[in-house]
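Please build the complete structure, drawing on both the sequences and the hints.
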Amino acid sequence: MVKIGILGVGTVGESVAKILEENGDIIEARAGKKIVAAKGVVRSLEKKRDVSIPLTTDPLEVINDPQIDIVVELMGGVEEPYALVKQALKNGKAVVTANKALLAYHRYELQELAGDIPFMYEASTAGGIPVIGALRTGLSANHIESIQGIMNGTCNYMLTKMINEGAQYDEILREAQKLGYAEADPTFDVGGFDAAHKLLILASIAYGLDAKPEDILIEGIENITQTDVAFAKEFGYEIKLLGIAKKVGEGVELRVHATMIPSESMIAKVDGVMNAVTVVGDRVGETMYYGPGAGGDATASAVIADIVDIVRGNQGPMLGYKKGLESGLKLLPKEQIVTQYYLRMDVSDKAGVLAMITSTLGEFGISIDSMLQKPVSDEGRAKLLFTTHKTQEAKMREAMQALEALDVVEGKIAMMRIEK
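So in the working numbering, spot 157 of the sequence shown is number 159, and the numbers just go up one at a time.
In the BS3-like style, the derived pairs of lysine-lysine whose C-alpha atoms are separated by at most 25 Å in a straight line are:
#1 K414 x K392
#2 K235 x K392
#3 K397 x K336
#4 K249 x K392
#5 K332 x K422
#6 K422 x K392
#7 K163 x K422
#8 K249 x K332
#9 K414 x K397
#10 K180 x K49
#11 K392 x K336
#12 K397 x K422
#13 K214 x K332
#14 K385 x K397
#15 K36 x K5
#16 K385 x K352
#17 K397 x K332
#18 K5 x K35
#19 K214 x K249
#20 K163 x K271
#21 K376 x K352
#22 K20 x K50
#23 K271 x K235
#24 K414 x K336
#25 K414 x K235
#26 K41 x K92
#27 K249 x K422
#28 K392 x K332
#29 K422 x K271
#30 K235 x K163
#31 K214 x K336
#32 K414 x K352
#33 K5 x K50
#34 K20 x K35
#35 K214 x K88
Quick caveat, the hints were computed from the structure, so don't treat them as lab data. Predicted model only: the values in this text are computed from it and were never measured.
The following block contains the structure:
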């Protein structure tokens with residue numbers, strides 16, 4: 003018999019305990035041993051929980067219990083779970099976590115501490131989708147050329163509503179909060195930070211990159227308007243918040259931002275709260291992993307899959323590389339990203355404005371690919387929307403500063419990147 007202790011018996015922790023009990027026979031048949039939840043840790047014993055396991059408020063009762071074989075960390079946060087997981091590893095206990103923030107900041111320290119002790123984390127990225135297993139094992143014969151993912155269901159739900167129903171951003175954010183998809187403070191989701199944590203985990207497995215959230219480009223969906231949605235539709239694009247990892251020579255671009263992508267692409271068709279990740283390998287080509295990115299049962303399914311793998315003895319290097327055999331690729335600075343861009347700006351509606359815009363862009367070696375002009379309610383003003391050919395992020399930033407300094411450009415310019 004294998005006994006597990008659960009740090010954090012919330013939505014996911016309850017599901018883990020219940021699934022181990024209710025599906026115990028099939029799990030035992032697949033693992034080769036009976037797996038039971040022996041103890042759970044909660045912040046308060048007063049709150050009623052739908053589990054039959056003993057509960058405590060002291061995590062050390064799990065960490066230091068010699069009867070516990072596997073510690074499942076579902077607390078959330080960074081430093082407190084880091085200290086507890088470190089102690090569990092020092093005590094020789096295998097660890098399973100769904101904590102993306104913990105791994106975004108401490109995955110390499112934990113890999114060093116774990117050594118040959120199993121440490122699994124499938125549930126940390128894209129919930130019930132087995133994309134980490136695919137990268138660590140299923141695609142291990144491949145150099146990974148790129149990863150693109152819809153990794154935040156809240157943002158995908160909101161963008162789907164904005165595109166399909168014409169909803170305004172503020173209106174749909176309130177709805178998402180009412181439905182429980184978005185928190186009272188939604189910044190972590192809509193600002194792109196949740197997706198960034200997940201992207202960093204995938205990039206470590208694919209490329210051996212030791213980057214922190216502060217090292218990469220992270221933008222959210224807060225500035226997207228119905229004008230942008232209409233332009234995207236007219237030119238055959240969908241708008242998605244994507245996490246993107248892309249090998250470029252001896253470097254890797256890592257970025258999270260709202261992105262215009264061709265409507266016919268596979269990932270453009272992923273709507274609502276669903277997640278999807280496409281991975282391009284040099285041998286297999288493009289593969290896609292689709293499913294629920296959150297929710298108690300879906301995430302618990304991934305947690306239990308990790309437990310079964312540990313019991314079977316199937317675990318390998320935590321981040322997919324034996325020490326000393328990493329890929330050697332480096333993180334490219336944000337300024338060196340190369341892609342196409344979409345710009346939206348308010349300008350004076352008079353002769354010669356477009357020539358001034360194109361001339362200014364030309365000074366930075368940027369050429370226009372497509373353009374649309376829309377009148378606005380204010381007399382004498384127009385809205386210019388256009389896309390560029392590929393250019394470097396640093397040049398685009400400089401060009402935007404130069405454009406905003408022109409007398410004919412009013413206010414800030416909105417920008418979005420395009421991936422084809």
